[in-house]
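Chemist: Take a look at the letters that make up each chain.
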Amino acid sequence: MATATHGHSKHPHEEHAHANGRKFTVRVLRQEMAHSGSHWETFELPHEEGMNITTVLQRIAANPVTTDHEQTTPVAYDACCLEEVCGACTMVINGRVRQGCSALVHKLLEESPTGIELRPMTKFHVVRDLVVDRSPMFQHLKRIKAWVRVDGYHDVGPGPRISPKEQEEAYPLSRCMTCGCCLEACPQFNDRSPFIGPAAISQAILFNPHPTGRVDRDDRLAVLAGQGGIVDCGNSQNCVKVCPKDIPLTDSIAKAGRDTTIYKIRKWFGR
Amino acid sequence: MSEEHSQAQAAATDGYHFLIHRLHSLTGLIPIGVFLMMHLFTNASVLAPGPAGMEYQKSVERIHALGPLLVPVEIVGIFLPLLFHSIIGFMIIYTGKSNTQHYRYGGNIRYSFQRWTGVIAFFFIMYHVWQLHWVGQPFRGGSFRLYNESGGPAAAVTTAEAIKAAWWVAPVYAVGILASVYHLSNGIWTSLITWGITIRPRSQQMAGYVCAGFGVILSLIGLGALRGFKTFEVGSGAVQTAESLQEATHH
Ligand code: HEM
Ligand code: HEM
Ligand code: SF4
Ligand code: SF4
Ligand code: FES
Numbered sequence: 001m002a003t004a005t006h007g008h009s010k011h012p013h014e015e016h017a018h019a020n021g022r023k024f025t026v027r028v029l030r031q032e033m034a035h036s037g038s039h040w041e042t043f044e045l046p047h048e049e050g051m052n053i054t055t056v057l058q059r060i061a062a063n064p065v066t067t068d069h070e071q072t073t074p075v076a077y078d079a080c081c082l083e084e085v086c087g088a089c090t091m092v093i094n095g096r097v098r099q100g101c102s103a104l105v106h107k108l109l110e111e112s113p114t115g116i117e118l119r120p121m122t123k124f125h126v127v128r129d130l131v132v133d134r135s136p137m138f139q140h141l142k143r144i145k146a147w148v149r150v151d152g153y154h155d156v157g158p159g160p161r162i163s164p165k166e167q168e169e170a171y172p173l174s175r176c177m178t179c180g181c182c183l184e185a186c187p188q189f190n191d192r193s194p195f196i197g198p199a200a201i202s203q204a205i206l207f208n209p210h211p212t213g214r215v216d217r218d219d220r221l222a223v224l225a226g227q228g229g230i231v232d233c234g235n236s237q238n239c240v241k242v243c244p245k246d247i248p249l250t251d252s253i254a255k256a257g258r259d260t261t262i263y264k265i266r267k268w269f270g271r
Numbered sequence: 001m002s003e004e005h006s007q008a009q010a011a012a013t014d015g016y017h018f019l020i021h022r023l024h025s026l027t028g029l030i031p032i033g034v035f036l037m038m039h040l041f042t043n044a045s046v047l048a049p050g051p052a053g054m055e056y057q058k059s060v061e062r063i064h065a066l067g068p069l070l071v072p073v074e075i076v077g078i079f080l081p082l083l084f085h086s087i088i089g090f091m092i093i094y095t096g097k098s099n100t101q102h103y104r105y106g107g108n109i110r111y112s113f114q115r116w117t118g119v120i121a122f123f124f125i126m127y128h129v130w131q132l133h134w135v136g137q138p139f140r141g142g143s144f145r146l147y148n149e150s151g152g153p154a155a156a157v158t159t160a161e162a163i164k165a166a167w168w169v170a171p172v173y174a175v176g177i178l179a180s181v182y183h184l185s186n187g188i189w190t191s192l193i194t195w196g197i198t199i200r201p202r203s204q205q206m207a208g209y210v211c212a213g214f215g216v217i218l219s220l221i222g223l224g225a226l227r228g229f230k231t232f233e234v235g236s237g238a239v240q241t242a243e244s245l246q247e248a249t250h251h
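Residue numbers (this note's numbering), protein chains in the order written: chain A, 1 to 271; chain B, 1 to 251.
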């Protein structure tokens, strides 16, 4: 790392491990197909100004040669929006789940000067290399009816009004991009647990108070009060820490805990 | 897992799944948590001023005043809820996969601690109850007595004997106390989220301070009691002999 006394050095670039042109290594966990084994491959590339992980993967694709001088295939990866709103490029970078498009190489090298490590998320099935199948998340959204019901495409007139206060509550929850970071970091979301995870719980809490979404409220609460619902959360609060959209997931979890309890008591009294 | 399968499975166990977990939370708080608090308070009465162990003797006698009802009350009020909470607790532990090495957040570490302390509390309680209640003389099993022939604070004497039986007993108790108290204090904090009482980060933070304070105080009470027994001597203080102990009981 550069120190103040070297500020006038003739070769300031050499002081930065991540300066432009400086070589750095990227270790990638590769897997050819859904059920094949995995292995590590290491690449070396020169740093570029403002480089992110998507760029890194593009450069590797352009010249897929490992540090052992072996010709290999381009690393498969997903990306779409390139501005952290679609969630497609989510992967585990230096041991922590995040989006490749917004993960800047120079920051990553500060975290881990020896090089960058990329692997697919561990809580989803791998399709190939860094591409995973996030469809279970969409199944969960279907289960909790994460939508507002409209009966067709004809004009039904203006929707009900929503107060600014309600909007303020709802907007942060609506930013979810189903990226899977929260599930990857959640200790209770894994193959030993039926837990649907914080993203779907939060979506239920988004749609429940909505004037039109309210009609499906009890159906959502029934799912949240069922197998894999709210009681399978262990309150570690990792989800809220890793969510790239700063969604107040733990607020939603506490609300879901309260609402399901009231719902169940209502049911026991047969109402 | 196909969706139909998971939904059919869910339909079959839905009602119980929720109820079981809510009862797990409740048993942790109401019979077991309250018991732990009262138990450590009672034990700390060994530190009360006056003749050594008399206050503790009286407290334990008050509990044993239930007579033949004591055993059913203990079974229904403590052991069955504890057994239920433990079985479900172990099942919950199985459904989690700790990842504190990659995500070193305070909440995540507390989550792991909640599980470790539950397991420690489980084995500690087994050992503890065996040591004081059940037979097995070689390692001083079943050594607790409320009365002995000479009268006096037999409860305190036998408890102190149990704790002084070997050098490692007091450290084991210290670990047992700290684990149980952490588990209860952090459990109160999570239960406030479980039941939807603290929702905002701010209220959860405030609750965190209160629970931490509660934990520190209860730990001091528990460790104080332990120290009281570890340093307990029948012959110490104002009371010298069995006869004068007996007198102290009657006046
Ligand atoms: C200072 C430390 C402790 C001391 C001196 C102590 C002492 C005792 C004694 C003397 C008994 C038998 C009481 C009787 O039969 O009336 C007892 C029972 C018991 N203790 Fe402790 N204890 C301590 C800490 C703990 C802790 C940390 C727990 C954890 C929850 C615990 C759980 C129990 C249970 C479950 C019983 C059986 C219930 C009963 O018989 O009423 N104890 N303890
Ligand atoms: C010393 C006696 C015990 C007390 C006072 C106690 C109390 C509690 C409390 C109050 C909670 C919080 C529930 C919630 O978040 O809503 C809890 C959670 C928990 N307890 Fe205990 N417990 C005790 C013993 C045990 C034992 C022996 C186990 C067995 C391993 C255990 C395992 C757990 C687990 C795994 C949780 C976390 C539950 C979750 O995150 O949903 N506990 N306990
Ligand atoms: S809640 Fe946050 S971390 Fe979870 S899927 Fe949505 S955007 Fe991603
Ligand atoms: S708070 Fe619950 S949902 Fe969020 S990471 Fe922890 S266990 Fe998972
Ligand atoms: S490409 Fe859309 S979030 Fe990265």
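Watch out, some of these pointers could steer you wrong.
[As the list claims (entries may be wrong)] Computed footprint of chain B on chain A; a stretch qualifies when at least three of its residues, placed anywhere within it, have a C-beta under 8 Å from a C-beta of chain B:
#1 55 to 65
#2 104 to 115
#3 192 to 204
#4 210 to 222
#5 251 to 259
Rather than coming from a laboratory, the hints here were simulated on the basis of the structure.
Each residue gets a CB set at the ideal place from its N, CA and C atoms; glycine is no exception.
Chemist: Evaluate each hint against the coordinates.
Modeler: Hint check:
1. 55 to 65: violated (count 0)
2. 104 to 115: violated (count 0)
3. 192 to 204: holds (count 4)
4. 210 to 222: violated (count 1)
5. 251 to 259: Our answer is that it holds, as 8 residues pass the Cβ test (under 8 Å) against chain B, meeting three.
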